[in-house]
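Peer 1: With these hints in hand, go ahead and build the complete structure from the sequences.
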Amino acid sequence: MTQTLNPPQGAEMDRTTPESDVALRIRALRKSFGANEVLRGVDLDLGAGEFLTLLGPSGSGKTTLLRILAGFDTPDSGQILLRGRDISHLSPAERDLGMVFQQYALFPHLTVADNVAYGLKMRGWKPERRARRVAEMLELVGLPDKAKSRPQQLSGGQQQRVALARALAYEPQLLLMDEPLGALDRSLRLQMQEEIRRVHREVGTTIIFVTHDQEEALALSDRVAIMHEGELAGLAAPSQLYQNPPSTFVARFFSNANLVPATATDGGQPDIAEITAAGTSFTLPTAHRGEVTLAVRPRSLRPAVDGDALYLTGEVIESLLLGEERQVRVRVDGVGPVTAFVDWRGTDDLVAGQTCRLSVPASEITVLTE
Amino acid sequence: MTATTGASKLLDALARLVGRTVVVAFLGFMVLPAVFIGVLSFSNDPYIMFPPQSWGTDRYVEVVTSSTWIRPITLSLEVAAATAVVTLAVVVPAMFALKRGRVPGTMAVESAGIAPMLFPVAAYAVGMYAVFAEFGLLGTFAGIVVAHTVHAVPLVIILLSTAMDQIRPELELAAMTMGASRLRAWAGITVRLLLPAILAAAIFAFVLSFDEAVFITFLGGPGLVTLPKYIFDSVQFGVDPAITAVATLLMVVTAGLMLGATVLRGRSR
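Residue numbers (my numbering), protein chains in the order written: chain A, 1 to 370; chain B, 1001 to 1269.
To be clear, the hints were calculated from the coordinates, so they are not data collected in a lab.
A hint or two may mislead.
[Unchecked claim] Listed next, the stretches of chain B that the computed footprint assigns to chain A, with coverage defined by at least 3 CB atoms under 8 Å from CB atoms of chain A: (1) 1175-1184; (2) 1189-1197.
[To be verified] What follows is a list of derived Cβ distance ranges for each label pair: (3) A/Asp213 <-> B/Ala1108: 38 to 46 Å; (4) B/Leu1183 <-> A/His109: 14 to 22 Å; (5) B/Ala1025 <-> A/His109: 38 to 46 Å.
[Unchecked claim] Non-contacting residues of chain B with respect to chain A, defined by C-beta distances greater than 12 Å in every case (computed): (6) Ile1073; (7) Pro1169; (8) Leu1171.
Virtual Cβ for every residue (Gly too), placed ideally from N, Cα, C.
Peer 2: Pasting the structure below:
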């Protein structure tokens, strides 16, 4: 397993896709609002049929990127190629894409069927063909009996399924989804994730899904693009980003990792370093030397076990039993508060004020320099 | 315990009594004049007296047949219709520019549009008199329509602004991603959803103009006599009993229109 994850920005990122399979290609996309640089050169290739999640905190530029892709805003510079066609300066109508909004954006004066038919009508489909397609789409999202209902008569989840059917009816080359599950409650969200996965499997459309919820990103996507201050801070399969974050930002944002400052010194071998952190010393396979940061996920920590690499000792600040596991916050000198999720068994004495010793094996530590 | 209950019961009874008195007095002052005029209008007496000595519809017949009443009524209807159309022609596009365009100072423009509402009508009319004299608009049909439009714009702005705020811009964006041009999205989605509010606003503008007596007095000159002006004039030289019929008609039609507008506004929610 590689733990050297500090290449020059972008080199490690999995941005390239074979030419023939590229559905969407974004090149050097920039956008400023006044003095505020919202996108600072975004490059991204999307394979045909790929499900990409665009994840980032608010203000990271993900919404702007989506609006530029949809044609609601124009980029200052850069290119957007959809199936090889430069769409950067086309109107939304000319781009041939579908969009699902957080608040559904169904037309309240039209029936569900007429909502789904809207894009087909704009494309001049004959009424008969339109009706057949609408029936197909409502079947796909499991609402065949709601054709004549008004959107207001449906629940939030049903409305969002109609919105999905509406955006997919005319088979757009790209489907944009802007936090589509943000307005739903948790159980419905999980159900809709399932639904979206199934629909994606069945229709195979290329999808960009914007969210700020990393669980959603993990559950849904082929690849995750993490945005931070107008740039892509990470772009890879979710499991890879989760286990090997390329930067401290991704480590903290995507896998909620604890960051432990450390020093790496040469031990004679080029690929192995002597690490000193939080008063313990151990070796890790890394080429980095000097000041580094160790990323440790909360579930990699456990009550101290002999033979582990890093040991963290401190006073318990907070201890919450969450069913099968216990969330413990420990204040470690020179590190700060560390969060750990440990198996609940035998942790009854792990209460606030107690001293607690945690450890993590070498294989669960990622060495980062930025 | 019983003492407090007794006291509070007494207070309750008192409060109820006062409340009822206020409501009755209020309704009395609001409803009585209308009822009074209504009753008086169905009389064939040669002049207005209460209680009426004879009953009949002579006064209504006179209003609809004699040209003295028909002429101001027709003019008022024409001015009101023109005012409603011109007001909407100004405000609807302005609303789209303000709410959907990227115009800086949106709030300032909207406030400026509402400003005429804050000026005393008589003072505003004097100012208009000066301006109209300059442009030769005094005593012209176009002039009075302009004045009434200025008078109606603030209310129409308020009505359409709130209605438009309830239509999410995403609806247009959704239509556009599905292949609609911006104009088509506006016409097919936004204007369609705005329609009840637009109709309601048209009625309000119509009624405001139809009912307007101050501007016409200043700006109408001798030639333009709308219904409110005619009523004023006729009252100055002695009371034509047909006024009771005109007033009743005015109240019924206006109330009907306003009711319609309110229903429309409710529907646009």
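Peer 1: Now tell me, hint by hint, if it's right for this structure.
Peer 2: Hint check:
Under a criterion of three residues with beta carbons nearer than 8 Å to beta carbons of chain A, the stated coverage of the region 1175-1184 of chain B is upheld, 9 such residues being counted. Given a C-beta distance limit of less than 8 Å, the hint that chain A covers the region 1189-1197 of chain B holds, as 3 residues qualify and 3 suffice. Take A/Asp213 and B/Ala1108: their Cβ atoms lie about 40 Å apart, and the range 38 to 46 Å holds. Against the hinted window of 14 to 22 Å, the Cβ-Cβ separation of B/Leu1183 and A/His109 comes to about 18 Å, which satisfies the hint.
With their beta carbons about 45 Å apart, B/Ala1025 and A/His109 fall inside the hinted range of 38 to 46 Å. Once the 12 Å rule is applied to beta carbons, B/Ile1073 is consistent with being away from chain A; the minimum gap is 37 Å. For B/Pro1169, the condition that its CB be more than 12 Å from all CB atoms of chain A is violated, with the nearest at approximately 9 Å. The claim that B/Leu1171 is not at the interface with chain A is violated, since a C-beta of that chain comes within 12 Å of its own (minimum 5 Å).
Hint violations for this structure: numbers 7 and 8, all remaining hints satisfied.
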